[in-house]
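**Q** Just so you know, the protein sequences line up as chains U and Z, in that order.
Using this note's numbering, the first residue of the first sequence is number 51, and each one after it goes up by one.
Using this note's numbering, the first residue of the second sequence is number -11, and each one after it goes up by one.
Calculated directly from the structure, the hints in this document are not laboratory data.
Heads up, some of the hints might be wrong.
Footprint (simulated), chain Z over chain U, 3 or more residues, beta carbon under 8 Å [claimed, not checked]:
#: 1; stretch: 405 to 413
#: 2; stretch: 448 to 462
#: 3; stretch: 468 to 479
In silico negatives: residues of chain Z with every beta carbon more than 12 Å from chain U [unchecked claim]:
#: 4; residue: Ile32
#: 5; residue: Phe39
#: 6; residue: Arg41
#: 7; residue: Ile145
#: 8; residue: Ala225
#: 9; residue: Val295
#: 10; residue: Ser401
#: 11; residue: Thr468
#: 12; residue: Gln514
#: 13; residue: His572
#: 14; residue: Lys626
#: 15; residue: Asn632
#: 16; residue: Glu634
#: 17; residue: Arg677
For every residue, glycine included, the Cβ atom is placed at its ideal position computed from N, Cα and C.
The primary structure of each chain is shown beneath.
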Amino acid sequence: MSVDPITVEVIKGALIYTTEEMGIVLRNSAYSPNIKERMDFSCTIFDAKRRLAAQAEHIPVHLGSMQLAVQKGLERFKGKLENGDMILFNDPYISGTHLPDITLICPIFYEGETIAYSTNKAHHSDVGGKAPGSMAGDATEIYQEGIIIPPVKFIKKNVIHKEIASIVLSNIRTPEISLGDLRAQMAANLLGKRRILELIERYGTETLQKAIEKIMDYSEKRIQNEINRMPKGVFSAEDYLENTGTSNKKVKIKATITVKTDQLLIDYTGTDKQVDGPINAVLGVTLSGVYYVLRCLTDPSIPMNDGCYRPVKVHVPEGTVMNPTPPRPVAGGNVETSQRNVDVLLKAYAQILPEKVCAACQGTMNNVAVGGINQENGKPWTFYETIAGGFGGRKGIDGVDAVHSHMTNTMNTPIEAIETTYPIRFIKYELRKDSGGPGKYRGGVGLERSWMLLAPSATLSVLAERTKIPPWGLFGGKHGNRGEHYIIRPNKKQIKLRSKCTIKIEKDDVFLVRTPGGGGYGKPLERYPELVLQDVLDELVSLETAEKEYGAIIDSTTMEIDWKSTKQYRHKQKKLDT
Amino acid sequence: MVKYRVSIDIGGTFTDLVALSEESGEVLDIKIPSTPKEPARAVIRTFREFFKRTSDVEVSIVIHATTIATNVLLGQLNLELPKSALIATKGFRDIIEIGRQNRHQIYNLFIQKPQKLIPRIFRFEVEERIGPKGEILTPLNKNQVRSLMPKLERENIESVAVALLFSYINQVHEHEIEKILRKALPKIHVSLSSEIAPEYREYERTSTAVVNAVLMPTISGYLDDLQRDIRKLGVKAPLCIMQSDGGIATKNTVTKKPVGMIESGPAAGVIASAYYGKLLGIENILSFDMGGTTAKAGAIRDATPEVVSEYEVAGKVHSGRIIKGSGYPVRAQFMDLAECSAGGGTIVWVDSGNALQVGPISAGAEPGPACYGKGGEQPTVTDANVVLGRLNPEYLLGGDMKIHPDLSEKAISKEVCEKIPLELAEAAAGIIRITNSAMAKILRIVSVERGYDPRDFVLVCFGGAGPMHGCALAEELSLTKIVVPHNPGLFSAHGLLTADFKYNFVRAIMKLMDEIEVKEVETVFQEFAIKGAKLLKKQRVPKANMRFISQMDLRYLGQSYELTIPTSAPFTEDVLRQTVENFHKKHTATYGYAVRDEPVELVNVRLMTTGLVEKPKLKGEPLQRENPPKEAVISKRKVFFEQNAEYISTPIYIRKKLKAGNSIHGPAVIEQYDATTVVYPNWVAEIGRFGNIILSIKTGDH
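Just chain Z, with the same shape it has in the complex (with noise of 0.2 Å):
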C-alpha cells in the first residue's frame, strides 16, 4: 500500500490534481477540462483517473484549492446567492449598504453600489447597545429577537449574520441572539460578527460577517457533496482546504468560517514559490504566475509570504489595484496580491486615438487566441509570441493543441498594422512591450509601493505564459535572477502539497502601549495559543511542529492606519519596549519617517498558529556536465528579441533532454509541455537540481 498527498485545483479551465508518493516521492499529474456548473464532478473525474493509474494506493491527505467562493459572490456559475438575513443594532441597519459613503469610479455618472447580498427587507434591527468601553448602555430585547423567528423561517432563511455596535469589545448580545437562534432554528447557519473579525470599523467588520453568512450554505453544501462522493470512491483521508493566506484548514472549520478560504486558489502560487526558495535557499522572492486571463504577484520576504488584513471580494481591479469600495470589504488574513489583464489570451486593439491597447478583455479558453484556430479573429498576446517565434509555430501542449500562425499574422495585421503604421515584427514586439510594462507594474506594486526594494529579490515565473516573459520583466525591474520550477503550469497544485496548517486569532484591544498591563496581553496570547495547539493536535500535528506567532497592529495615536509587527512570547515589559522600538523602524522602513515621541496605541493583537506539514522531498539530481547533451537541441528557428531589433536564428531546447548542470547561453528556447521559457540574448539558463531552470544575466552585461 503506497500512501500519497493529493492535491486538486480547480481553475477556470482546467482541473489539476497532483499526486505524490510519500515513499518514493514520485509525481503524477493529471489535467482534466473543469466543470463550472458542478465543480465537483471534474473532481471524481480526476480521483477515477488517478486510480486507474495506481493500484494498491491510499490517499493520506486531500488538499483543495477552489475560486467557488468568489464565483457564489459575483453571481456566476449558477451559483444564487442563498437568502441571508442581518440582524443589527437599532438605527443601524443601513450601514452594511452606506458602506464608507464613497464611489469606486469617480468619472463615471453611471456608478452603481456592488449588488446587495442582503435586502433591505431582511436585515432586522434589535434595541440593543453597547458604549465604546464595552459597557451595555441598553440591555438587547430579547423578546424583540424571538418575534423574529418565526418571519424568518417564513422566509426560509438560510444563514444570518449578527453584527452589533462595538461588539468587538463585549460579544455578549452578539451570544445571546445566536442562543436564540439555535433553539428556535436549529438548522440555520449563524455568522457572529464577534467570531468571524472582532475588529473595529463597524462597516467592515459587519460586511465580514454578511460574506461569511451568505458563503456559508453553499460551501457547506458543496463540501460536503464532495466529501461524500470521494468516500464513495474510497478515499478516507481528511478534506483539507487552501486558505486564502496560505495555510491549510479542515473542512469543519471552513463550513463555519467559508470567508477564509476565498482566494484560495492564488494563494497557493505565492506557497508554492516559497517552498522552491527554501529548496533553493532563496529568501526574498517576487512571485509572477501569468495564465490564460490575467497575472499576479506577490512577495515573498524572509521565507514568508507578505500578508494584508483586508481584501475587498469580487472587487474591481484598476491598475492591479483593487478600488476600495467596488466590492465587498473583508477582513481576514490574505496573501498580498496584484493582479492585472494580462495573460495569453488578453485582447490587443487599437483606440479611437489610434493608441496600441492590451485588454482588459480576454479572448478566454473558447475561441481563445487566433493562432488556435478556433474562431478568434482579434489578436491577444499569444499571437504576439507566435509571431515573434517565441511560441512553437506548430502546436502547443506537447502536441496536444495545434498552432496557426497565420492566422496570428492576420490577426495583428488587420487590428494593428492597418490603424497603425507598424511592420507585423514591430506590432508584435510593441504589443510584449506594452504587456510587460503592465506587468512590471504589478510587480512594482508588491515590492515599491510597500517600500522593498526589488532588487534584493529574485523573480520566480511559472503560470503556463510566466516563463516566456521573465527576461524581460526582470530588466525592467533591474533583477538579475530568475527561477523558473520544474512545472511552471502545475506549479499552484504542487503549491497545495506544500502548505501547513494554519489557524489565526485576532482580538481588540485598542489601548496605548504605554498604559497596557503587560499581563492582560499575555493571558490573551496564552488563551489562543491553546486554541490553537488543540486544533493543531486535532490534525496529529506533533508538538515539535506547531509554530506561534504572536503579533499587534500598531499605529501612532491619531492615525488610521496600522502596521502589524511581531512580537514575542511571553510577552513582557522588556518585549513591549521591543515591539514598540520594531515599530518605529517598520514606519521608517514602510513610510519613510518615524515619530519616537509620539504614543503608539495598540489595536489588536494576533496569535498565527501554524503546524508544519512534512514537505514532499523533490529527489534532486547530481549537477552534471556544463554543456546540454546534442539530442536536447530539437531545432533553430528565427526569434525576434527587441534588444536586436531583428530576427536571430535561435536553438530549441527540449527540456526533458536537459540535465542538471547544463548551462545555455541567450539566444534561446526552452520548451516543456505546459510552458515555453525564453532565454534573452544577455542572460544565461542553468537547469538546476530540481529540473528547474535558474536564468541570470550575463555578467559584464549590467
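For reference, chain U alone in the conformation it holds in the complex (with noise of 0.2 Å):
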C-alpha cells in the first residue's frame, strides 16, 4: 500500500501541528517563569521505532537531545512499557543536557502496540545542588549539581507514582513549582497521546506510519540536497572558552567538517579533555549546535525528524569537553560551551558557505543570579535573568543590536516587575556605544545593565563568558568588545569581577553588566561613510571610532562627513594594508 502525497503533507502539517499545540499546552499550564516567559522546553513525537517524527521550535539546545534521550532513556523498559505510563528522567548522560532539564516519555498504544511516543523535555527552575537555580558556577562534580534521576516510571496508569515524586520533590528548593511543572509536561503528553490516537482513527496505522516513513524521507533529501549544494572539502576551526569556573585554564573547541556527496561528517578530533569546572557539554548538547548551525545555514522549513540527522554524522572522542563521562559537572555546558561550539562550527562554516554566516555574536549568555534573605519575612529570595549582547555582521546587514543569540532566546523580565518584586533598583539599561566590531557590516553593540542593591545583604554569581577572548570578526571584520562585570561601591570604588563568580554584596553596591559586541563583516573602510556617520548620531559610535577605525572623518561641529579627508585617509589606509 502506499500513501498518496496529499495524506502525507496533511499528516505532516498534524504532527508538527500537535507538537506546536503540546508547547501551548505545557507552556499555559506550567508554574515557573523558565517555561512560561522563556520557552525553555521542548515537545516532540517519536515513531513505533523511536525515531524523531515531529519536533516543534522551542529551544535549540534541545535539537540534539531529544532522539538520544528517548533512545538511551527507553533501553531498560524494552517490553515492559504499558498504555498510561510515561517515563522520567534528567540524568544528562542519559537526557543529553543538564539536570534542570527534566524529560517525559509517554509511549501511544494502540490495539496493544506501541505505535509513537510522545515526548517533552522542560527546564524547571531548581533542581537541587548547591546552588539556588541548580546552575552552580563553581561544581567540581555532577552530584553537587542538582538530584540525578535516572528513568523512572514516573507515571502508571495515568497516576503519578507518589514514592518515586516524594523523592523527587524533597531534593528540590521549590517542589510545589516543579510538581505543577511536571503535571503540565504530563498534560502536554497526553494532548500529544490524543491527537496521535485521531490521526490513527481517521488514516489507520498502517498509513500513518507509512507517511511517517515519506515526511522522514522527504526531510533527508532536502537536507541531501543543500549539502550538495556545498563545495566538497575539509574545513576547520577553533575556538576558546575562556577559563573553566574553577581555574583560568583556557579550553580549546575545535571541529572538522567534510562536505561529501550526501554526506557531512563533523570530527571534534583536536577538542581539549574534559575539565574539572562545569563547562563540560554532553553529547546532546554539541549535537544541538550541529543542527542547530545546519538549520540555520540550510532552509529552516525543512521539518526536525530522523531524516535531518541521517545525512550528518558526528564524531566526538569520549572524555573531551564536548562529550564528558560521569561524574564531570555539566550545568555550564548547556548554556556557556554550547555558544562556543556554535561559533566554532560557524568558523568552519564560513569557510563553506561564506555569504550565509554571520561573525561571531555574543557568544554567552551573561547568567547573572542574585539573592539574599528577605528582611520582613525572613524568606529567601532569588533573581536570574541572562542578558543580551551584540549579533554578529552578515553579509549585507549590519549585526543585531541588543538581541539573545543562537542556542538562547529568553526574554528580559521587565523592570517594573523586578522592583516590584526584589530589593534591586535598577540604574541604566541601554546600548554599549563602541561595542559592535567594526565592519563593513558592523557588529551589533552590546548592552550596559545596572542595578543598586536595596537589602542590606545579598549573594551574586555571575556565570559568563568572552570578558578575556573577544567575538571574532570575518572577512577583515574586527572582534567585539569583550564583556564587563563591575562591582561599585558606595565609595565609588569599581571592583572587576571574574566571568565566573559568587561573591558576596552589600546595601548601595551597585552592578555594571556591560555584554559583548557581535564581531564585524567585512572590512570596516569598506563601510560607507553615510552609514558610519548614522552610528555616529545615533551614539553607538564615537567620533574616534568613526576615525580610527572606519577612516570616515566627521567634523564635529557640523556632524558631517568631510569627504576629502575621508577618501584621503582611508586611500592611505589601504596602501599601509597592503
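Using the hints, build the complex out of the two chains.
**A** Spelled out as C-alpha cells, the structure:
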C-alpha cells in the first residue's frame, strides 16, 4: 500500500501542529517563568522505532538531545511499557542536556502495540544541588549540581507514582513549582497522545506509519540537496572558552567539517579533555549545536525529524569537554559551551558558505543570579536573568543590536516587575557605545545594564564568557568588545569581577554589566561613510572610532562627513594594509 | 427625507459602501476599486455614487473601517513615518529598542528587528525617577525638559511620546512634561504612556505610546481631510471609526488615540458574525473570513466576541500566530483573530523536496489567479476550485469577470503535475486539502488553543471564498452546522452598521485580592463609569442603552500572565469573593488546573462602557415550501468531491431565485454575485429567513 503525497503533506502538518499544541498546553499550565515566559522546553513525537517524527521550533539547545534521550532513556524498559505509563529522567548522560531539564516520555499504544511516543523536556527552575537554580559556577562534580534521576516509571496507569515524586521533590528547593511543571509536562504528553490516536482513527496505523517514513525521507532528501550545493572539502576551525570556572585555564574546542556527496562529517578531534568545572557539554548539547547551525544554514522550513540527522555523521571523542564522562559537572555546558560550539562551527562553515554565516555573536548568555533573605518575612529570594548582547555582522546587513543569539532566546523580565518584587533598583539599561565589532557590516552592539542593591546584603553569581577572548570578526571585520562585570561601591570604588564568580554584595553596591558586541563582517574601511555617520549620530559609534576604525572623518561641529579627508585617509590606510 | 446609516470599508482591492435606510431597512451596496495612495478619493467616489442612486436622503451616521494605521507602520502606500520623538527616564531611552531582547525567528542568522519608529537621536532622557510604589525618588528636572523644546522645534518633530518608568502608578511627571510641551509647542501631538496604556511592563507601555505618537499626525490628517471632503458633499453626520475591539468611536477620540483603530477592518467581520448570531439565536460562533490573500478566524462565545489585551502591530505571522518580537507590541483591546496566508489568490508550488506547498505568496489582484487570464501563470487556490468545478467555469461577479478554466488546468499541470505524479483532479483536490488543513488550524487556534471545544460552535463563513470551503472545514473540526450570510462578500461592511459605541478604561492596581480595599476599587470603577457615561451622552446614546462591564486582570502571585475576569457593580466584599472564585474557574478552563490556596493578585481594573446603537432591522421572509423553485437550478456541471474521489454531476442553483425555507440536498453549488457556496454530498442546505444559508450535516452521516 502506498500513501498519496497529499495525505503525507496533511499528516506532516498535523504532526508538527501536534508538537506546537503540546507546547501551548505545557506553557499555559506550567508554573515556572522558565517555561512560561522563556519557553525553555521542547515537545516532540517519536515513531514506533523511536525515531524523531516531529519537533516544534522551541529551544535550539534541545534539538539534538531528544533522540538520544528517547533511545537511551527507554533502553531498560524493553517490553515493559504499558498503556498509561510515562518515563521520567534528567540524568544528563542519558537525557543529553543538564540536570534542570527534565524529560518525560509517554508511549502511545493502539490495539496493544506501541505505535508512537509523545515526549517533552522542560527546564525546571531548581533541581537541588549546591546553588539555588542548580547552576553553580564552581561545581566540580555532577553531584553538586542537583538530584540525578535515572529513567523511572514516574507515571503508571495515568497516576503519578507518589514515592518517586516524594524522593524527587524532597531534593528540590521549590517543590510546588516543580510539581506544577511536571503536571504540565504530563498534560502536554497526554494531548500528544490524543492527537496521534485521532490521526490513527482517521488514517489507520499503516498509513500513518508509512506517511511518517515518507516525511523523514523528505527531510533527508532536502538536507542532502542542501549539502550537495556546498563545495566539497575539509574545513576546520577552533575557538576557546576563557576559563573553566574552577581554574583560569582556557579550553579549546575544535571541529572539522568534511563535505561529501549527500553527507557531512563533523569531527571534534583536537578538542581539549573534559575539565573539573561545570562547562563540560554532554553529547546531546554538542549535537544540538551541530543541528542548530545546519538548520540556520539550510532552509529552516525543512521539518525537523530523524531524516535531518541521517546525512550528518558526528564524531566527538569521549572524555573531551564536548563529550564528557560521569561524574563531570555539566550545568554550564548548556548555557556557555553550547554558544562556543556554535562559534566554532560557524567559523568552519565560513569557509564553506561565506555568504550565509554571521561573524561571532556575543558568545555568552551572561547568566546573573542575585539572592538573599527577605528582611520582612525571613524567606529567601532569588532573581536570575540572562542578558542580551551583540549579534555578528552578516553579508549585506549589520549585526542586530542587543539581542539574544544562537542557543538562547529568552525574554527579559520587565524592570517594573523586578523592582516591585526584589530589593534592587535599576540605574541604566542601554545600548553600549562602540562595542560592535567594526566592519563593512558592523557587529551589533552589546548592552549596559546596572542596578543597585537595596537590601542589607546579597549573594551575586555571574556565569559568563567572552570577557577575555572577544567575539571574532569575519573577512576583515574586527572583533566585538569583550564583556565586563563590575561592582561599584558607594565610595565609587570599582571592582572588576571574573566572568565566573560568586561574591557577597552589600546595600548601595551597584552591579554593572557590559555585554559583548558582535564581530564585524567585511573590512570597516569599506563601510559607507553615511552609515558610519548615522551610527555616530545615534551615539553607537564615537567620533574617534569612526576615524580610527572606519576612516570616516566627521566634522564634530557640523556633524557632516569630510569627504575629502575621508577619501585620503581611507586611501592611505588601504595602502598601509597592502 | 430618508435617513440612511452609511458604512465604508476600505480594503486592499475594493472600497465598499453600504447604506441602510433607517425606515425601510432597504440596503444599498456600492463597490469601487480602492485608491491606495489617497484612500479618501475612493470614499468620495462611493459617496457620489450613493447620491446618484438616491434622492432626498440624509446621512445620519458614517461608520468607517480602514487599514491605514497598519499601512503607516508597514511603511506602505507612500505613507512616510512622521518625525516623532520620545522622552524617557534618564538611563532608559533604549528600552523601546532593546524590547524583550529575544529574536523572533530562532533559526535565521539574517534576522532583523522591526524598523525603528523613533531613531536614537530623537530619544531624549530627562532626570526623574518614580519608584515601584509610586514614590518620587528623583523629582523631574523641568529645566531639562524645557531645554529640549528648541530642539524639537528645530527638527520639525510632529509628535512626542512620553514614557517614564512607573508612570502607570504615578502620572505626575508625564503630566508635567505634557504641560511644558503644550505651552512651548502648541501644535505638537503628545502621547503619554500613562494615558494611552496605564499598565505595568515598561517596554509594552512605551511601545504603545510610541506607536500612538507615530500614528497621530497621519491619522488626524487623514480623518480631517475625509471629514472635510464629505462635508463638502453635504454630509453633516458624525464620522465614526471602527476600533480594533469591535466598538465604534468618534473622530475626536480616535485622533487622540489612533492606537485603538489599528485592526479596524478585520474586527468588522467578527462584529457582523456576532450580530448575525443574535439574529439567528446562535451564541457560540467561529467566524471564518476568507478573501483574496488571507483567511481569518475569530471566536464568539456567549454572544460576545473574544478580545485580547495585546497585539503585535505589523508583526509576522507563523502558523496563524503572531510571532512575538516581530512587530510593535500594543496594549489595547483587540479582537482575538488568527490569520493565515490562504485566500483565493494564494499561490501553489512544489518545493525542492517535491512536496506541494500553498502560500504564503499571493497573486493578489494583479495578475491574480491564472484563470483570470491577466497573465498569471502560477496556480492558485482559485484555480484549483475552478478545475474541481466548484467555481463557475465561465464567469464570476455575475458576469463582470471572465474565467478561463483552460489556463487553470495549464498552470496546475505545469507547476504541480509535472513535478509530482498526480492526475489533474488529484492535484487540484490536494491543493484544496492542504489549504483546508492550514485554515482548520487557525480555527483551532481561536478555539482549542483557548480551551474551547469547537463542537460547541457554529461556523459562520464569509468573504468571497469562505463559503466554498465551509463544509470541509466543518468536517475537519467535527462541526455540524454552518451559516453563510446573505451577502458573504460584503459582510464586513454590513458589520460596521451593527457596531456599538465603546470606551474602555484601565488602571493598574497591583495588590493581593486579600489585601485590597473594596472602596478603593469601587471608587475607580465609579470614576470610569462617570467618564464613560459622559462620552456616550455626547453621542446621544440614551441612558437605557448604556452598558457598563467591570473586569479585573488577575493571576496567582508569581505568575506573569493575567486572566481577565468579569466582576460586577457595586464592588463589595461578596463580589470580590465571587470574582476570585470565577478566576479559579477560568484558570481551570484555560489551563486545566486551579490552586485555591495560592494568593490571587490583582493587576489591572478595567471598565468597558458600551453605548448600544439601534441595529438594522433585516426584513425576514416567511419560510415557504421546502423544494426550491425549478428555475433556481440554472444548470448542471461536474464537480469533484474528494470523499467520492470523482466528478459528480451537480446541480447549480442561483441564490436570488431561492426562497426562504427551501432546502437542498448536497451535492450542490449555490452561486451569487459575491460568493459561491459548495454543499458537500453529505450536507443539507436550507435557506433561512434572512436570505442566509444554513448548512447541516445529514443525520446518520455523522
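**Q** To test your reading of the hints: which numbers does this structure violate?
**A** none
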